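K.L.:
Sequence order for the protein chains is A and B.
The first sequence: position 174 = 174 (our numbering), numbered continuously.
To convert a position in the second sequence, counted from 1, into our numbering, add 338.
Everything labelled a hint here was simulated from the structure, so no lab data went into it.
Fair warning: this is a prediction, and the values are worked out from it, not measured in the lab.
There could be a bad hint or two in this list.
Quick list of in silico lysine-lysine cross-link-like pairs, DSSO-like style, CA-CA up to 27 Å [claimed, not checked]: (1) B:Lys565 with A:Lys332; (2) A:Lys332 with B:Lys450; (3) A:Lys240 with A:Lys227; (4) B:Lys420 with A:Lys251; (5) A:Lys82 with A:Lys135; (6) B:Lys589 with A:Lys333; (7) A:Lys251 with A:Lys240; (8) B:Lys589 with B:Lys670.
There are 2 protein chains.
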Amino acid sequence: MSSISEGTLVSTRIRLARNLEGYPFPSHLKDEKQAKEIIRLVSSGLNRLDDFRLYYMDGVTEWEADALIENHMISPALIEKKHYAAALINGDRNLSVMINEEDHLREQCIIKGLCLRRAYDKISDIDSKIGRTIKFAYDEQLGYLTACPTNLGTGLRASVMLFLPAITLNDNMREVVRSISRLGLTVRGVYGEGSGAEGYMYQVSNEVTLGVTEEEIISQVDEVARKICTLEEAERMRLKTGSARMGVMDKCMRAYGIATNCVVLSSEELISLAADIKLGACLGYLPIEHVSSIDDLVSRMQPHNINQSAGRQLSADERDVYRADYVSNHIKKLAEHK
Amino acid sequence: MSSISEGTLVSTRIRLARNLEGYPFPSHLKDEKQAKEIIRLVSSGLNRLDDFRLYYMDGVTEWEADALIENHMISPALIEKKHYAAALINGDRNLSVMINEEDHLREQCIIKGLCLRRAYDKISDIDSKIGRTIKFAYDEQLGYLTACPTNLGTGLRASVMLFLPAITLNDNMREVVRSISRLGLTVRGVYGEGSGAEGYMYQVSNEVTLGVTEEEIISQVDEVARKICTLEEAERMRLKTGSARMGVMDKCMRAYGIATNCVVLSSEELISLAADIKLGACLGYLPIEHVSSIDDLVSRMQPHNINQSAGRQLSADERDVYRADYVSNHIKKLAEHK
Numbered sequence: 001m002s003s004i005s006e007g008t009l010v011s012t013r014i015r016l017a018r019n020l021e022g023y024p025f026p027s028h029l030k031d032e033k034q035a036k037e038i039i040r041l042v043s044s045g046l047n048r049l050d051d052f053r054l055y056y057m058d059g060v061t062e063w064e065a066d067a068l069i070e071n072h073m074i075s076p077a078l079i080e081k082k083h084y085a086a087a088l089i090n091g092d093r094n095l096s097v098m099i100n101e102e103d104h105l106r107e108q109c110i111i112k113g114l115c116l117r118r119a120y121d122k123i124s125d126i127d128s129k130i131g132r133t134i135k136f137a138y139d140e141q142l143g144y145l146t147a148c149p150t151n152l153g154t155g156l157r158a159s160v161m162l163f164l165p166a167i168t169l170n171d172n173m174r175e176v177v178r179s180i181s182r183l184g185l186t187v188r189g190v191y192g193e194g195s196g197a198e199g200y201m202y203q204v205s206n207e208v209t210l211g212v213t214e215e216e217i218i219s220q221v222d223e224v225a226r227k228i229c230t231l232e233e234a235e236r237m238r239l240k241t242g243s244a245r246m247g248v249m250d251k252c253m254r255a256y257g258i259a260t261n262c263v264v265l266s267s268e269e270l271i272s273l274a275a276d277i278k279l280g281a282c283l284g285y286l287p288i289e290h291v292s293s294i295d296d297l298v299s300r301m302q303p304h305n306i307n308q309s310a311g312r313q314l315s316a317d318e319r320d321v322y323r324a325d326y327v328s329n330h331i332k333k334l335a336e337h338k
Numbered sequence: 339m340s341s342i343s344e345g346t347l348v349s350t351r352i353r354l355a356r357n358l359e360g361y362p363f364p365s366h367l368k369d370e371k372q373a374k375e376i377i378r379l380v381s382s383g384l385n386r387l388d389d390f391r392l393y394y395m396d397g398v399t400e401w402e403a404d405a406l407i408e409n410h411m412i413s414p415a416l417i418e419k420k421h422y423a424a425a426l427i428n429g430d431r432n433l434s435v436m437i438n439e440e441d442h443l444r445e446q447c448i449i450k451g452l453c454l455r456r457a458y459d460k461i462s463d464i465d466s467k468i469g470r471t472i473k474f475a476y477d478e479q480l481g482y483l484t485a486c487p488t489n490l491g492t493g494l495r496a497s498v499m500l501f502l503p504a505i506t507l508n509d510n511m512r513e514v515v516r517s518i519s520r521l522g523l524t525v526r527g528v529y530g531e532g533s534g535a536e537g538y539m540y541q542v543s544n545e546v547t548l549g550v551t552e553e554e555i556i557s558q559v560d561e562v563a564r565k566i567c568t569l570e571e572a573e574r575m576r577l578k579t580g581s582a583r584m585g586v587m588d589k590c591m592r593a594y595g596i597a598t599n600c601v602v603l604s605s606e607e608l609i610s611l612a613a614d615i616k617l618g619a620c621l622g623y624l625p626i627e628h629v630s631s632i633d634d635l636v637s638r639m640q641p642h643n644i645n646q647s648a649g650r651q652l653s654a655d656e657r658d659v660y661r662a663d664y665v666s667n668h669i670k671k672l673a674e675h676k
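Chain A extracted, bound-state conformation (with noise of 0.2 Å):
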């Protein structure tokens, strides 16, 4: 793997859908005690081997629940469907398992960097803990059962985020996408579905669940985005060398000069700074070593992660104060101590 990947490969993220045999698909449950029973199924073997809390999403506050959601341990749906819903996660918060979404349990891992395969390990020793106290709605031919077809077979779904300036500056992001959906493959922007323009952050996974194994999937998504990173790289030199050479370096370098001056500064704007300090980074115009804690920094400058490290609830003009404040410092530091 080159050098250039670390900024690139931004996350792995791996989920398992499953539903447990003899139970109706959670938007058919009979009612409220049928979906605690199957929380309290799902959540009897796990919450005792391992470091997992069990949340009740009627039982969280509405800090709490933004708190989560934003650091994806659950789904904006999961909260709205308040007394039938709950979820396990653990104490480092790469491990969730929401339960009665859309199916009975979701199992996620993230991890940042790509490394598919140690999360699908890990996600699936979990799968296998819960595995051994309840049975899952499974068919021999079709694989694990789920709510929606397009999950059906593995219930996998193998996802990388990717740090795409150079391709999206250069115009290529519509080819590459057309390549990967040949593929059976999607890409989508993370920040403003579909243009990806902001923060140049995009999201690949596997479409196909059904009719292939886990492995086959997570191999075919690792090489792919192995193959877009080198690609990103090959785009890189023709942004250095090309015409809009000044123009970009221009763009990393104002985009470092607000941050660490602002006094004022939005959770947006700063996805979209941070993206231009990534790629001045990466195309050696700041002196920024880890590039990868600058996606940390983004992470911990959420709303919420942010009322969390205050330890209390700011108001938004009180948190883009404390974040340009933050960020500014933050970020002087990181290209001072290369």
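Using the hints, position chain B against chain A.
P.N.:
Showing chain B alone in chain A's frame:
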């Protein structure tokens, strides 16, 4: 004069309109020969005595002409009169006499800061020297005769350039313009006629030239400029303590961040960044002591002044890169040296 005035009272300009007796006004000159005769008459006395150089408008290169316009030594209208027009300009480039523009003579002195009397004395001295060998068109009743009746009488236009960010941002400029016009003076935005939003620069000058003495005009413009300066000072206190406080600080700090990091910078953007940096310095957000040095920087970074210091005619793109580099180094130094 308060300490705040340094960057606020930017510059002083005195202009006298004069015409020669026995010659038609420039727009009615018989031929080139007659125009050249006037040029010779005017320049004969001055050229020898002082550090003045005569520029024939049909003799300057386009490059020279643009540089002279940029530094306010001549008007664009003068260039257009090619074979008919000339200008006498001193070595320090603060005194100029345009010959055969709208009037036979337009004598002008520009000095930094508020110093109407000194500027008037300087240009009066030139006026007297020229008057020794030439008879000016003068009427006992009306005073100096001019091509346009708005200059009749004294032929004097006394102007002060003011930097008024707080009055502008607090949205009180309209009220200032109204009060001043009641006194027979005018205010206009220096960049973007009327709006004055960009650069926060305004020029205050006398409207009336007839029926008042030179002394009265100068006293009045001086007094009004000082009053506006005091008002600006009060408005800055409001800006520092009011609800828009953080937004204003953010604006200033971002301008500093961009100016000290950009790689490409147009002269229009520099005007706007420089204005916010000056404001930041005036409000104590940026450790820059000599605010007026930023005005010098803006002037030095105008297109033709850049060509001059680079020693060759740069393309617009090259200038934007040169400007970004020069400005970022210079502003960093200004903020360090305090």
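K.L.:
A separate judgement is required for each hint: does it hold in the structure or not?
P.N.:
To see whether the hints hold, each was checked on the structure:
no.	hint	in the structure
1	B:Lys565 with A:Lys332	43 Å, violated
2	A:Lys332 with B:Lys450	38 Å, violated
3	A:Lys240 with A:Lys227	20 Å, holds
4	B:Lys420 with A:Lys251	43 Å, violated
5	A:Lys82 with A:Lys135	25 Å, holds
6	B:Lys589 with A:Lys333	23 Å, holds
7	A:Lys251 with A:Lys240	13 Å, holds
8	B:Lys589 with B:Lys670	17 Å, holds
In summary, the structure is inconsistent with hints 1, 2 and 4 from the numbered list given earlier, while agreeing with the others.
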